[in-house]
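Engineer: Given only the sequences and the hints, what does the whole structure look like? Please build it.
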Amino acid sequence: MPSRTALLFLAAALTFLPSAAFAAGHASGCEESVNSFVVHHVADQKEAWHALPAVGAFPGLTIPLKPDFALAGFNMPITAHVAMLFIAAALLFVLFAFVYRKRSDRAPSGLTNLLEAMVVFVRDDICVAYMGKKDGRRLAPLFLTFFFFILALNLLGLIPFFTTATSNFNVTGGLAAVTLLLMVGGGIVRNGPLGFAKIFFPPGIPWPIYVLITPIEFLGLFIKSVALTIRLGANLMAGHIVIYSLLTLIYKLEWVGTIFIAMVVFVYVLEILVAFLQAYIFTMLSALFTGQMLHPSH
Amino acid sequence: MENAAANLASHLPALISAGGLAAVGAGLTAIGAGLGIGLIGGKATEGIARQPEAAAKIFGPMVLMAALVEGVALFGMVICFLALG
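Those protein sequence lines, which keep their order, are chains A and B. Under my numbering, think of the first position of the first sequence as 1, with each following residue one higher. Under my numbering, think of the first position of the second sequence as 1001, with each following residue one higher.
Since the hints were derived computationally from the structure, they do not count as laboratory data. The beta carbon of each residue, even a glycine, is placed where N, CA and C say it ideally should be. Check each hint, because a few of them may be wrong.
[To be verified] Label-pair restraints from in silico Cβ distances:
| id | chain 1 | residue 1 | chain 2 | residue 2 | range |
| --- | --- | --- | --- | --- | --- |
| 1 | A | SER109 | B | GLY1019 | 50 to 58 Å |
| 2 | B | VAL1063 | A | THR145 | 19 to 27 Å |
| 3 | B | GLY1047 | A | PRO64 | 20 to 28 Å |
Structural biologist: Written out as C-alpha cells, the structure is:
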C-alpha cells in the first residue's frame, strides 16, 4: 500500500487530467504559435494580473495593476512581478515577526525550529564561512534577506496563477546590483581607495603582463554581477518555459499528448529543487565575492 | 540518392536563418551541460563507490557544482533566445 504522501501526490497530479482533456478537445481552434504562447505566459503582465480564470459561473479574479505609476518623476509601472515583490516582502515580514521568540529557556519547535535552522545555516555556513566571524555576523542580515527573499519569490512562482518575479532579469539585476555595490563599496571602505586598486594587481606576476591582467580583473567585477543576474533569472525562466512548451504539445497532439502530463509534473517537482538551490547559490556567491573584496588575500 | 541531397539542400536556407541557428545553438549548450553534469555525476558516484559512508558528504558539493555548470549552459541559452528576435 503506497504511503499517504504518495497517494496525495498522485491525486494532485491527476487533477491535471480534466484540463488536459479540455485542451485536447479544443485543440484545433487555436491559431497561436508555440513561441507566442510560451513567451506570453512567461513574460511580465503589465495591464492586469489574471489571478483566476473565468470558469462556468465564476467570473474570475483579475487584479488591476498600475502601468503608469510614477514616483518623483521616475516612471515605475506596477506590473504583476512588482506585485509579487510586495507579496513576498509582506509574507516574509509576517512570517518572521510571527515566529520571533525572546524566550531562550525552551527549545523551538515547528515553524520556528525550521526557520531557525535555515537562518543558522545561512549565517554560519555562508556568511561566517566566507567573510570571517566579525564581518560575517555584521553582514548576515543582508545575506539572510537575499536568501529568504529569493526563496520566497521562487516558491511563489510555483503556485498556479502566480508568476515568478525572479525570472525577470530586472529583478535579479537589482539584487546583483546590491552585491556589486557591496563588493565595490566594501572594498573601498575596508581597504581604502589605494588598497582597492591594488586588488586588481595580483602579486607574483611580471609587470608587463599587468597590461593584460588588470583590465580583465576589473571587468571581472561586472562580469561576476552579470553572471549572478543571468544564472538566477535563466534558471527560473527555463523551468517555466519547459513546462509551457510541453503543454503546447498537448494542444498539438490532442489525446496522445496527455502522456506528457507526467513529464510536466516531473519538471514541476524539479523546479522546487531549483528554487532552493538557486537561492542558496546566489547567496553563497554573493558572500564569496564580498569576502574576496573585504579580505583580499591573494 | 540525389533526391535526398536536393531535399537537404532545400532545407538549408531555413536552417541558416536566425531561428534555425538559435535552435542549433541551444542544442549545443545542451550537449555542454550534459557533458559537464555527467562528468560531475560520474566522479561523485566513483567517490561513493570507494567509500559508501561518505555518500551524504559527497552529494552536497555534487548538487552545488551541477547547478553552477547548469548556470553556464543557461548563459548560452539566453544568448540563443536573444538571437531569436
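Engineer: Could you tell me whether the CB distance from SER109 (chain A) to GLY1019 (chain B) stays inside 50 to 58 Å?
Structural biologist: For SER109 (chain A) and GLY1019 (chain B) the Cβ distance comes to about 56 Å; the hint holds.
Engineer: 20 to 28 Å was suggested as the range; check whether the CB atoms of GLY1047 (chain B) and PRO64 (chain A) agree with it.
Structural biologist: At 55 Å between Cβs, range violated.
Engineer: Indicate whether the distance between the beta carbons of VAL1063 (chain B) and THR145 (chain A) respects the range 19 to 27 Å.
Structural biologist: holds, 24 Å
The structure fails to meet hint 3 from the earlier list, while all remaining hints are met.
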